Amino acid sequence: EVQLVESGGGLVQPGGSLRLSCAASGFTFSSYWMHWVRQAPGKGLVWVSRITPDGTTTHSADSVKGRFVVSRDNAQNRLFLNMYSLTTDDTAVYYCARGTSIIADPPFDPWGQGTLVIVSS
Amino acid sequence: QSVLTQPPSASGTPGQKVTISCSGSTSNIGNNYVSWYQQVPGTAPKLLVFRNDQRPSGVPDRFSGSKSGTSAFLAISGLRPEDEADFYCAACDENLTGVLFGGGTKLTVL
Chain A
1 EVQLVESGGG
11 LVQPGGSLRL
21 SCAASGFTFS
31 SYWMHWVRQA
41 PGKGLVWVSR
51 ITPDGTTTHS
61 ADSVKGRFVV
71 SRDNAQNRLF
81 LNMYSLTTDD
91 TAVYYCARGT
101 SIIADPPFDP
111 WGQGTLVIVS
121 S
Chain B
1 QSVLTQPPSA
11 SGTPGQKVTI
21 SCSGSTSNIG
31 NNYVSWYQQV
41 PGTAPKLLVF
51 RNDQRPSGVP
61 DRFSGSKSGT
71 SAFLAISGLR
81 PEDEADFYCA
91 ACDENLTGVL
101 FGGGTKLTVL
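So the protein sequences, as listed, match chains A and B.
Using my numbering, the first residue of the first sequence is number 1, and each one after it goes up by one.
Using my numbering, the first residue of the second sequence is number 1, and each one after it goes up by one.
Any given hint could be a false lead.
Claimed, not checked - Stretch-level coverage of chain A by chain B, calculated; a stretch enters the list once three of its residues show a Cβ under 8 Å from a Cβ in chain B:
no., stretch
1, 15–22
2, 74–86
To be verified - Here are the simulated DSS-like cross-link-like pairs (lysine-lysine), alpha carbons at most 25 Å apart as the crow flies:
no., chain 1, residue 1, chain 2, residue 2
3, B, K46, B, K17
4, B, K67, B, K46
5, A, K65, B, K106
6, B, K46, B, K106
7, B, K106, B, K17
8, A, K43, B, K106
Quick caveat, the hints were computed from the structure, so don't treat them as lab data.
As the structure is a computational prediction, the values presented were derived from the model and not from experiment.
Virtual Cβ for every residue (Gly too), placed ideally from N, Cα, C.
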C-alpha cells in the first residue's frame, strides 16, 4: 500500500524553526516528485514546495521562499521541510503528497494524513 | 482570493447531479491539465480526477471531470450523503512557479 506519514508538527514561537518529516512506503520513492501543501485552519489548500526525484532541484511558493527548505533522503524514503523564521501566518496543517515520476505538475496522489504546525507566543 | 475561482458552496439532494466549476485563465486552466480533490472535513485530500477527465482506479464513475476553455468542471451524479465534503481544483500556471488551488467548494447533501 502506498503510504505517506508526516511527523514533526507542534507548537513553536514566532521566529522559531521546525522540521517536518514525511515517511514514504509502498512505492519507489526515489522515482517521484514530492510536494508539501498546507491548509490554514478553516481555509483552503495552498501549495508550498516541491522537489525533484533526485533531490537536486527545489521550488517554493513566494510566501515561504528563503524561509522554508525542502529536501529528501532517498535512502531512507523520507521527505523533509525545514521551516525557519516562522510567523503566525504559517500556522496550518502541512501535508506531504506524491507527485508524478515525470513532471513537476499535479496530480497529487496520495496525501499524508497531515501534521499540525501552530505558531504562537 | 484564489486565482482559480470556485463557488464557495453547492448542494443537492440524494440521487441528484451536481456540477462544480473552476474558473481560471489561459495561462493556467487554458493551457494546463486540471485535477480535482475531495476532502472530507478532518481528513486528507483525495485525488478524484486528473488530466482534466481521468479517474484514478477506485474512484466511482459518478465523479467526472471536464474542461472547456479556461474553465473546468467536476460533475457528481447520483449524489450520496457520503459525498458531502470540500472539493478543490488544481492546475499549474505558466506565469508562476508551483501549483494553484481553487478556493474550494463545500458540497452539502440535503
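The hints, checked one at a time:
Beta-carbon proximity to chain B at under 8 Å applies to 0 residues in the stretch 15–22 of chain A; the threshold of 3 is not reached and the given coverage is violated. Residues of the stretch 74–86 of chain A with a Cβ under 8 Å from some Cβ of chain B number 0, which does not satisfy the need for three, so the listed coverage is violated. As the CA atoms of K46/B and K17/B are separated by approximately 20 Å, the hinted pair is consistent with the 25 Å bound. A distance of roughly 20 Å separates the Cα atoms of K67/B and K46/B; the hinted pair therefore holds under the 25 Å criterion.
Taken as a hint, the K65/A and K106/B pair is broken in the structure, with Cα atoms around 30 Å apart against an allowance of 25 Å. Of the supplied pair hints, the one linking K46/B and K106/B holds, its CA atoms being roughly 15 Å apart against a limit of 25 Å. The hinted pair formed by K106/B and K17/B meets the criterion: a straight-line CA distance of about 15 Å does not exceed 25 Å. With a C-alpha separation of about 11 Å, the suggested pair K43/A and K106/B falls inside the 25 Å cut-off, and the hint holds.
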